[in-house]
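Generate the whole structure from the sequences, applying the supplied hints.
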Amino acid sequence: MRALATLAALTALLSLAGVEPPVAQAQAQRLDLGAALRIADSAEVYVLSGDLAFVRSPDPGTVRSLGCRYSVSRTMPAWRDLQAAVGNVALRPAARPRHGELRVGLVLSDRRGILFEAYGSVPAGAEPMVRGLSQRRDVEIAATFAAAVTGFGARHPELATALVHPARLCPAGSGPRPAG
Amino acid sequence: MFELAFEESSALVMQGGSGGPVVSMDGFYQASDYQDSTYQESEYPPVTQEEFIDEVEETLAGTGGILSVDDLALIPEAEWENFLSALLAFVNGTPSHGGSDQNSYYNDHSNEAPLGEFFIEQWGFLPSVQRMPGYHYYDYLTQDIDPEFLEMAYASFLGASVFANSDLSLADIENMPFQMVVDGRPISITWHSGSAPGANFSTLASDPDTIVVTASTGYFTIDTQPPGPSQGNPNAMDFVQPTLENMQNGSLRAVQQAISYLDDNELARQILASAVLRGVRVVVVTGTAEHGEANGTVFWNPTAAVRLTNGGIMSPAMCLLHELAHAVFGLPNTPTGDAYGNIEDRYIIQQVENVVAAALGEPTRQDHDGDYVFGQTDVTFHQPPPDLGDFRI
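Heads up: the sequence lines are chains A and B, in that order.
Here the first sequence stands for residues -18 to 161, where the numbers follow the working numbering.
Here the second sequence stands for residues 15 to 407, where the numbers follow the working numbering.
Honestly, I wouldn't trust all of these hints.
Chain A is faced by these chain B residues, among others (derived, beta-carbon under 8 Å) [claimed, not checked]:
| hint | residue |
| --- | --- |
| 1 | N309 |
| 2 | V320 |
| 3 | E337 |
Simulated from the structure, these hints should not be mistaken for laboratory data.
Model, not experiment: these values are computed from the prediction.
From the three backbone atoms N, C-alpha and C, an ideal C-beta is built for every residue, glycine too.
See the structure below:
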């Protein structure tokens, strides 16, 4: 009990002093896409086809289970392309939840597990930021994220992995290229 | 994966036992003709044996496959002609009943038969159609011959023809079931040697969904897969059942339950009917798979209800309607930036789902959100939003 009170007091003091508590710092750090890209070993890119309609707006689980999945590891030439495509995408905590269907996703991992994940919606107009979800928190993500992720998939159809669900739609011609 | 296909396809495919050749006869089988209530103005009856063969040969043109009367040796031509005559007699025959309507040989006191523009075979799966007075015209048209039986009889005709053309020894294919798909209905045909267990075109006592077709040196058994509901009512035909593919009984019951439930609402009925017309396919998924729709195929999980943001629970059946509506409407999926997500979902929720939900006592919603509640055993299960009474913050 005393420890909790001490932590609460410390948090309040830090907040008054304009210093973020350790937990918030960690969250902010996890929101740093660029940092995650520098240390990740592999990435999965998801693109949920616009042809797929749902009873309720797709969530990250929908994007992962029904989106076309492109898998890439740091050792592949496409990794550099992924870094270039999404490395500079802006991401910030959302002041308030926004509307928008999550249709694209990016999951960065190392050998210990998932380091970073972000999901974004397709812009309805010319707005610079759209609804996103990262590290299970509502965020605003650059409207260019959807185009960057979709473009990566379009440039690397060979990275599309096996279709495990009948509704998982990948563009025609996607999938591993035959050896040789 | 289980599939229910609302298909209009008249494709016929026959595949030999283990990876044998596939013969496709698109457009050949026209089951709808003998049930078409507008037949009097059409070229009904469309099929004599010769026309039958002509159509098949036309379809087979260029494929190397041929078919002729001579190939029908396993079913004596005279016998087949007798069958066709019996089948068509009530169509061409002299009226034996009174009646004042256009269908003069059907004694329809309410003057409501046949069902006008409704094709019973198209809409007969809807309970609301079955309740219409004119529905029983269909029973009359088939003269107590189970339509399922008719399809099997056609299948036997075709199967025998293909066997005759196959250059296979009947001994080699004995007891080997060959799979056929006639108008979307899986049918199995098997050759047996020895004495037939019944007369030609009789049903097996042990299985009313299997018929016997006799030949000079043995007999065929032909049965539908899965068995149709005709076992319970030999003169009725569930018009969903014939187009089932790989469907398990539990899934079938769920689909039928949902259709019966939705059919109580006129708008929902229109969506169902439109889905059938457009050849929408319904794939029944299980576990925690989501409902979805893509390119005319609906993925439906009969156990998945949706808890709406207002706390109400929308039934799995209503979810099916939502997805069928997606398959029916061709609105753009352009993002709207509002709570509905995109143009089509906004239209469907506001103009279809909420209208039907209100009529059926289900909760409505003003967004496209919600969380799945899996594990439902009743596809109609729904709950209103919680009553907060006078509680205010």
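Cross-check of the supplied hints:
The closest approach between the C-beta of N309 (chain B) and any C-beta of chain A is roughly 6 Å, which is under the 8 Å cut-off, so the hint is satisfied. The beta carbon of V320 (chain B) comes within 6 Å of a beta carbon in chain A, closer than 8 Å, and the hint placing it at the interface holds. With 8 Å as the threshold, the beta carbon of E337 (chain B) comes within range of chain A, its nearest partner Cβ sitting at about 7 Å, so the hint holds.
When each numbered hint is compared with the structure, no violation occurs for any of them.
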